[in-house]
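Chemist: Here's the letter readout for the chains.
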Amino acid sequence: MSEQRALSRRRLLASVAALPILAATADGRSISGHLPWSPFAGEPPKPVSPLGWYFFTPGEIAAVEAIVNRLIPADSLSPGGKDCGCAVYIDRQLAGDFGQAQRLYNKGPFMPGLATQGYQGDLTPAGRYRLGLRALNDYTMATYKRGFAQLAPAQQDAVLAGMDGGKIALKLKPGFSTKEFFEMMLQNTMEGFFADPLYGGNRNMASWKMIGFPGARYDYRDHIDKHNVPYPRPPVSIYSAEG
Amino acid sequence: MAKLLPKRDAVIIGLGWTGSILAQQLTDAGLNVVAIERGPWRDTATDFNIAYMQDELRYAIRKELFLKPSVEAMTMRNTRSQTAMPMRDYGSFLPGDGVGGAGVHWNGHTWRFWSSDFSIHSHLAQRYGAAKMKGLMLQDWGVTWNEIEPSFDKFEYLCGISGKAGNLKGQIVPGGNPFESARSRDYPTPPMKMSYAPTLFAQKVREQGFHPFPTPSANLSTAYVNPLGVRMGQCTYCGFCERFACGNYSKASAQTTILPVLMKKPNFELRTECEVLKVNLSPDGRHAKSVTYIDAKGVEYEQPGDIVVICAYALMNVRMMLLSKIGTQYDPVTGQGTVGRNYCYQTGSGARMFFEGKHFNPFIGAGTLGQTMDDFNGDAFDHGPLDFVGGGGINCIVTNGRPISNRPTAPGSPRWGQGWKKATVEGYNSSMGFSAQGSSYPVRENYLDLDPTYTDRHGRPLLRVTFDFPDNDIRMSHFMSDQLEKIAKPFGAKITTVSRIKKGWDAVPYQSTHNTGGAVMGSDPRTSAVNKYLQSWDVPNVFVVGASAFAHNAGMNPTGTVGALAFWAAEAITTKYIKSPGALVPA
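Protein chains in written order, with numbering that gives the first Met the number 0: chain B, 0 to 242; chain S, 0 to 586.
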């Protein structure tokens with residue numbers, strides 16, 4: 000994406016240079032006398048490849064697949080989180096800008112804050128997953144002598160409920176609580192389940208079909224007046240009508 | 000050493016809504032104008048592509064179009080006794096970034112603050128006595144309704160706002176908002192079509208004797224050509240509006256209303272990806288000589304100008320003043336100083352109703368698709384027997400059914416697992432909500448200053464926000480929650496939930512990007528940073544335009560009033576200031 004952006008900037012500069020500019024300007028991003036436009040300036044999203052793993056280690060993959068399958072279990076309403084691609088989605092997110100906290104304020108000093116001040120730790124999301132999954136494995140090994148993925152579904156649910164409800168404290172680090180780790184996994188799993196399939200989750204638009212969300216459609220003028228009438232068309236995603 | 004550039008008549012900091020309006024009006028008056036914008040160039044055809052704008056993860060969750068905290072963060076705390084910490088990610092509010100600013104991804108609710116807002120102190124003192132405002136720093140704005148009304152009209156016609164007048168030159172018009180102040184003419188376009196939820200809301204509250212009306216919308220009900228000759232398209236109710244840019248030319252923004260004309264003018268130049276570091280003053284601090292900015296390559300430039308117009312986001316306007324030492328920092332202990340004073344926010348609560356046998360299609364939406372009732376807003380109702388002042392608009396707006404963030408479940412439902420799934424399927428299409436957008440009134444302890452510890456990427460101090468919901472506003476908001484409960488009863492829902500605000504403003508969950516004040520307008524230089532024309536009392540060739548000028552925040556979205564103030568300030572510059580540069584109001 001950044002390459003394409005750089006290219007479009009070069010094109011933009013070339014087009015600016017060809018036009019009369021009123022005053023001598025200091026920098027190449029000056030725009031005057033016209034509405035700038037250049038072909039291919041947009042940045043369409045890049046669909047992730049479904050193959051392989053970019054961030055998680057084999058042990059982490061098994062745990063995360065098991066976790067997303069308990070947060071979103073398979074039933075008559077939809078396939079489970081794993082088959083919907085939620086683990087792949089989280090893997091790709093952690094390998095990218097999100098995992099590295101690219102857009103966040105990352106300057107110190109790092110000090111404990113109030114609940115109203117939000118996360119104040121120095122770990123990136125990728126770092127939080129790495130630490131959290133290791134601590135989760137330590138916990139289940141110590142308690143059940145097995146990794147999370149090897150536990151029975153009822154045991155897995157009990158561990159997740161304990162993390163959610165503050166009854167289990169994993170060995171993490173100050174400024175990063177077990178509850179925060181759980182909330183992060185829950186949020187990211189739901190993102191994977193409900194986001195456009197191009198990000199690796201929501202395979203076959205399973206979640207959209209489940210709730211009746213038509214996806215990336217952009218014109219409902221034919222239905223706005225039809226009150227209390229279900230929308231008749233199936234969902235579409237950005238790249239495909241089939242998801 | 001910064002490279003010195005040729006002088007311009009006017010330098011505008013930031014090319015969002017206010018910067019674009021100022022640039023358009025000042026260039027029309029023949030001034031040679033340069034705008035310096037920190038973020039990138041953005042336009043509909045290239046950056047707001049209709050083929051992939053419907054991407055909730057990219058734009059709403061990862062917030063691609065918003066200001067990144069890595070570029071500029073802020074610190075926050077609830078009280079002075081706490082240590083402010085940086086908002087490492089923006090949550091409670093989401094400032095904009097780049098050309099068009101927050102006007103790119105706003106929802107489009109376009110209100111006019113009322114006559115009784117502009118003269119709030121006089122109005123409340125006359126009706127209830129000044130003691131009613133005890134503990135609040137409410138003050139008149141220095142501009143009157145009759146002065147500012149034509150500027151509201153200009154902004155509405157620039158945008159093509161879709162709505163229905165309720166008070167035409169003093170005549171109450173059925174179907175409009177009977178509580179609005181008198182307007183000189185109707186909205187430029189008719190109201191949007193209504194989906195099921197707002198239609199039901201209007202019917203149910205009308206039966207209860209209230210006065211619902213279509214929320215004035217910058218998502219247009221029909222195609223429109225504005226006075227500049229710029230053409231806009233009809234909204235398609237796609238439900239990707241707030242947090243997104245419109246790919247359909249249907250939502251008013253600088254891009255869809257001004258830039259196609261402004262950018263072609265020979266006496267206008269825009270520099271993007273250039274961040275203004277400060278405004279440079281003369282040695283006596285009474286005159287702005289230039290601004291210093293840094294470009295994307297890290298090179299510094301000095302751009303001289305006869306007039307400097309600060310048109311960044313409200314909070315950034317205040318920070319720019321403080322970094323440049325324009326005016327004096329407000330001190331909450333002594334009450335002295337004006338910059339940072341009267342910081343206000345918004346005080347919200349909401350109701351959600353879960354039905355059996357109703358189907359709402361929540362994804363058919365638009366930023367401003369809905370109905371409002373103002374029966375409990377501002378001073379539309381008698382506060383005599385009540386222990387607060389202020390109120391809120393009650394809005395039933397269907398902005399989106401985007402499922403990562405908007406999938407309501409009945410109270411008590413599990414948050415994951417099989418039970419969660421069932422509750423999600425049940426709640427998604429069969430629930431609707433409405434909410435109260437409450438006013439926020441100034442108190443001594445809510446203010447803005449520079450943080451003593453945390454700095455931005457250039458080493459400049461971050462802005463520090465000290466804020467909690469004042470007791471008056473908590474009482475007001477609880478009253479509003481009570482009204483929501485009463486109003487919801489006749490809907491006959493299976494389950495109704497109503498939220499109630501509590502002390503301890505939380506910077507994490509999204510609440511509202513309606514941050515106001517800090518550089519407020521007024522008629523007294525001891526209690527306002529800018530005069531009624533948004534001109535700095537201290538440095539008369541500096542104008543500071545935006546919601547930073549609001550002396551309080553009403554129970555309405557701010558953009559309509561921000562747009563009006565931009566036209567108002569531009570008119571003062573072009574008709575008064577350039578003829579006779581200097582203070583337009585004697586200090």
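By construction, these hints were calculated from the structure, which means they are not laboratory data.
Heads up, some of the hints might be wrong.
Within a straight-line C-alpha distance of at most 16 Å, the following computed EDC-like cross-link-like pairs (lysine to aspartate or glutamate) qualify [stated by the list, open to error]: (1) S:Lys324 with S:Asp283; (2) B:Lys106 with S:Asp283; (3) S:Lys501 with S:Asp523; (4) B:Lys106 with B:Asp121; (5) S:Lys67 with B:Asp74; (6) S:Lys502 with S:Asp467; (7) B:Lys208 with S:Asp467; (8) S:Lys133 with S:Asp470; (9) S:Lys264 with S:Glu63; (10) S:Lys263 with S:Asp88; (11) S:Lys421 with B:Asp74; (12) S:Lys324 with S:Glu299; (13) S:Lys62 with B:Asp74; (14) S:Lys502 with S:Asp470; (15) S:Lys192 with B:Asp224; (16) B:Lys45 with S:Asp294; (17) S:Lys62 with B:Asp156; (18) S:Lys2 with S:Asp294; (19) B:Lys208 with B:Glu42; (20) S:Lys502 with S:Glu444; (21) S:Lys192 with B:Glu42; (22) S:Lys192 with B:Asp96.
Computed from a prediction, not measured in an experiment: that's the story for all the values here.
Chemist: Compare the structure with each hint and give your call.
Modeler: Hints, one by one, checked against the model:
no. : hint                   : verdict
1   : S:Lys324 with S:Asp283 : holds (11 Å)
2   : B:Lys106 with S:Asp283 : violated (35 Å)
3   : S:Lys501 with S:Asp523 : violated (34 Å)
4   : B:Lys106 with B:Asp121 : holds (9 Å)
5   : S:Lys67 with B:Asp74   : violated (40 Å)
6   : S:Lys502 with S:Asp467 : holds (7 Å)
7   : B:Lys208 with S:Asp467 : violated (42 Å)
8   : S:Lys133 with S:Asp470 : holds (11 Å)
9   : S:Lys264 with S:Glu63  : violated (30 Å)
10  : S:Lys263 with S:Asp88  : violated (37 Å)
11  : S:Lys421 with B:Asp74  : holds (10 Å)
12  : S:Lys324 with S:Glu299 : violated (20 Å)
13  : S:Lys62 with B:Asp74   : violated (33 Å)
14  : S:Lys502 with S:Asp470 : holds (8 Å)
15  : S:Lys192 with B:Asp224 : holds (7 Å)
16  : B:Lys45 with S:Asp294  : violated (29 Å)
17  : S:Lys62 with B:Asp156  : violated (32 Å)
18  : S:Lys2 with S:Asp294   : holds (11 Å)
19  : B:Lys208 with B:Glu42  : violated (28 Å)
20  : S:Lys502 with S:Glu444 : holds (14 Å)
21  : S:Lys192 with B:Glu42  : violated (33 Å)
22  : S:Lys192 with B:Asp96  : violated (40 Å)
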